[in-house]
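Asks: Single-letter residue listing:
2 protein chains.
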Amino acid sequence: MNFMRREQKVAKLLIHNKKTLSLAESCTGGLLADRLTDISGSSKFFKLGIIAYSNKAKNKILKVPQKDLIKFGAVSSQVARKMAKGVRRILLTDFGLGITGIAGPLGSAKNKTIGLVYIAIDTSKNNLCFKYVFKGPRRQIKKKAADQALKLLEEILLKL
Amino acid sequence: MNFMRREQKVAKLLIHNKKTLSLAESCTGGLLADRLTDISGSSKFFKLGIIAYSNKAKNKILKVPQKDLIKFGAVSSQVARKMAKGVRRILLTDFGLGITGIAGPLGSAKNKTIGLVYIAIDTSKNNLCFKYVFKGPRRQIKKKAADQALKLLEEILLKL
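Residue numbers (the numbering used here), protein chains in the order written: chain F, 148 to 307; chain P, 148 to 307.
Please note that a few of the clues may not be correct.
All copies of an identical chain are treated as equivalent in the list; a pair is satisfied when it fits inside any one copy or across any two copies.
In silico BS3-like pairs for lysine-lysine, Cα to Cα no more than 27 Å straight-line [to be verified]: (1) Lys282 to Lys259; (2) Lys306 to Lys282; (3) Lys159 to Lys290; (4) Lys191 to Lys203; (5) Lys210 to Lys232; (6) Lys259 to Lys156; (7) Lys203 to Lys306; (8) Lys282 to Lys207; (9) Lys156 to Lys214; (10) Lys203 to Lys156.
Note that these hints are calculated values from the structure, not bench results.
Bear in mind the structure is a predicted one, so any value in this text is a computation, not a measurement.
Assemble the whole structure, with the sequences as input and the hints as a guide.
Replies: Structure below.
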């Protein structure tokens, strides 16, 4: 069987390149960490996950500035970038990944629709952020966001 | 349809009793947080999840003493209790839940078998810990541990 799940590919690339990863999840609520830790041996590369569901958690643990949370809102590229940076710095892993979005069906706000998701990846050299709008019910939006995060990680790791 | 998933029952009880929850997961790797955050409105009670996959994370963020990690090992009742207490204290939620175990297939050690799981629940008044040995492949052990954690929470919440 040639089929390899995306988390397996990412795990293989991280282990092969001896790179470590920390995650800061908001709207995916732990799904991304759950998928990665389904891989036996994931403790080699996965060091820490923070599910920062409240703004207080984003500020206190991930060091997202209070003023960014107020000015741009929790679902914004600015906050996603700071989440990725904040979580990477806690244990100084090679990669930090931050996801923030609105999984719905509640929680839409002005200019922010259900399914809006920002995914940021931080390294010692770069801080990238991507914006998506996913469709579907809550579980589907979580799944699509986690899948997209793995896709991004895979693309970056393939360039190493 | 009368069927209600266990996470829905727990969510309902937490919201009804106006109680908040933080999670410190090790062997379940975010699965418990993922299940709870599948519930729309979970941000009302779920404040923070820490997936402390490394000892460094357990020590640095959850404040599990280094000496406990060395003396009793990461998979021990002592560490589970400190994880629950540590995570509860970060945002001062009503409940803190800690899970540590060996999901396998790697990672068994002397006197510690694959499937061994400790689940601790901390409140301002109590710190309880329960020991289990679950059977099955990695994903099954994660699922059984997350399910058992929800069962314990439900039992405690029903007594409020």
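Asks: Are the hints correct? Go through all of them and say.
Replies: Tested hints:
no., hint, verdict
1, Lys282 to Lys259, "within (13 Å within a copy, 45 Å between copies)"
2, Lys306 to Lys282, "neither (29 Å within a copy, 40 Å between copies)"
3, Lys159 to Lys290, "both (21 Å within a copy, 24 Å between copies)"
4, Lys191 to Lys203, "between (30 Å within a copy, 13 Å between copies)"
5, Lys210 to Lys232, "both (9 Å within a copy, 22 Å between copies)"
6, Lys259 to Lys156, "neither (33 Å within a copy, 30 Å between copies)"
7, Lys203 to Lys306, "neither (36 Å within a copy, 29 Å between copies)"
8, Lys282 to Lys207, "neither (31 Å within a copy, 38 Å between copies)"
9, Lys156 to Lys214, "neither (38 Å within a copy, 36 Å between copies)"
10, Lys203 to Lys156, "between (34 Å within a copy, 26 Å between copies)"
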